[in-house]
Amino acid sequence: MSKSTKRVEQAAHVLGLSIIIQKMPESTRTAQDAAFACGCTVGQIVKSMVFEGAETSSLKLLLVSGFHNVNLDRAESLFGEALLRADPKRVREETGFAIGGVAPFGHLNLLETWMDSELLQYSTVWAAAGAPNAVFETNPQALLQATNAREFINDKA
Numbered sequence: 004m005s006k007s008t009k010r011v012e013q014a015a016h017v018l019g020l021s022i023i024i025q026k027m028p029e030s031t032r033t034a035q036d037a038a039f040a041c042g043c044t045v046g047q048i049v050k051s052m053v054f055e056g057a058e059t060s061s062l063k064l065l066l067v068s069g070f071h072n073v074n075l076d077r078a079e080s081l082f083g084e085a086l087l088r089a090d091p092k093r094v095r096e097e098t099g100f101a102i103g104g105v106a107p108f109g110h111l112n113l114l115e116t117w118m119d120s121e122l123l124q125y126s127t128v129w130a131a132a133g134a135p136n137a138v139f140e141t142n143p144q145a146l147l148q149a150t151n152a153r154e155f156i157n158d159k160a
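Heads up: the sequence shown begins at 4 in the numbering used here, then just goes up one per residue.
Since the hints were derived computationally from the structure, they do not count as laboratory data. None of the values given here were measured: they were computed from a predicted structure. Quick reminder that beta carbons are idealized off the backbone N, C-alpha and C, glycines included. Treat the hints loosely; a few may be bogus.
[As the list claims (entries may be wrong)] Straight line, CA to CA, 30 Å or less: simulated DSSO-like cross-link-like pairs of lysine-lysine:
hint: 1; residue 1: Lys9; residue 2: Lys26
hint: 2; residue 1: Lys6; residue 2: Lys63
hint: 3; residue 1: Lys9; residue 2: Lys92
hint: 4; residue 1: Lys92; residue 2: Lys6
hint: 5; residue 1: Lys63; residue 2: Lys9
hint: 6; residue 1: Lys26; residue 2: Lys63
hint: 7; residue 1: Lys92; residue 2: Lys26
hint: 8; residue 1: Lys92; residue 2: Lys63
hint: 9; residue 1: Lys6; residue 2: Lys26
[Stated by the list, open to error] The calculated label-pair distances, taken between Cβ atoms and stated as ranges, are:
hint: 10; residue 1: Lys9; residue 2: Arg77; range: 33 to 43 Å
hint: 11; residue 1: Lys6; residue 2: Arg77; range: 35 to 45 Å
hint: 12; residue 1: Ala145; residue 2: Glu115; range: 18 to 28 Å
hint: 13; residue 1: Glu154; residue 2: Val17; range: 16 to 26 Å
Could you build the full structure based on these sequences and the hints that come with them?
Structure below.
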């Protein structure tokens, strides 16, 4: 297990989540790849998307259903400011994870977190566990609480 996935496992324990990190033989970098590898629907995949606030420059973590993208035209009304794509180098420096393996928790720095309400319709969801080929399954309500995320209604942009 890599340092990143160990950090996710330790953070889950501290947050009271019981998870089993699974290393997949193939990459789970895309929602489609992850759904195939996990044997679930694309909607059950948690995409951890990191954006930068246009005014504050703070990073924001959006936990988005695999069926959805983020409608950046609606970002200001949803998140209080326009959002810009975060620089991958900054994402790695502040979260400790490379894009494609960003977990919902276990970051090096605290991130303001939001969760797509679409994920809450499922009994379980699958999220990245700190590496492009590592995932874990969890209850979405427990994930919402553990990450202290704010729920948002996303459209299928």
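Take a quick look at whether Lys92 and Lys26 sit within 30 Å of each other, Cα to Cα.
holds, 24 Å
Are the Cα positions of Lys63 and Lys9 separated by 30 Å at most?
holds, 23 Å
Does Lys6 sit within 30 Å of Lys92, going by the straight-line distance between their CA atoms?
holds, 18 Å
Within 35 to 45 Å: is that where the Cβ-Cβ distance between Lys6 and Arg77 falls?
This hint holds: roughly 37 Å between Cβ atoms.
Given pair status - Lys63, Lys26, alpha carbons within 30 Å:
holds, 27 Å
Within 16 to 26 Å: is that where the Cβ-Cβ distance between Glu154 and Val17 falls?
Cβ of Glu154 to Cβ of Val17: about 22 Å, so the range 16 to 26 Å holds.
Is the Cα-Cα distance between Lys9 and Lys26 30 Å or less?
holds, 12 Å
Does the alpha-carbon distance linking Lys9 and Lys92 stay inside the 30 Å limit?
Answer holds: Lys9 to Lys92 is near 21 Å, not above 30 Å.
Below or equal to 30 Å on CA atoms is what counts here, so check Lys6 against Lys63.
Holds, because 23 Å separates the two Cα atoms, which is no more than 30 Å.
When you take the CB atoms of Ala145 and Glu115, is the distance between them in 18 to 28 Å?
20 Å Cβ-Cβ, so the 18 to 28 Å window holds.
Is the straight-line distance between the alpha-carbon of Lys6 and that of Lys26 30 Å or less?
At roughly 14 Å apart (the allowed maximum being 30 Å), Lys26 and Lys6 satisfy the hint.
Determine whether the Cβ-Cβ distance between Lys9 and Arg77 falls within the hinted range of 33 to 43 Å.
holds, 37 Å
Comparing the model with each earlier hint shows no violations; every hint is respected.
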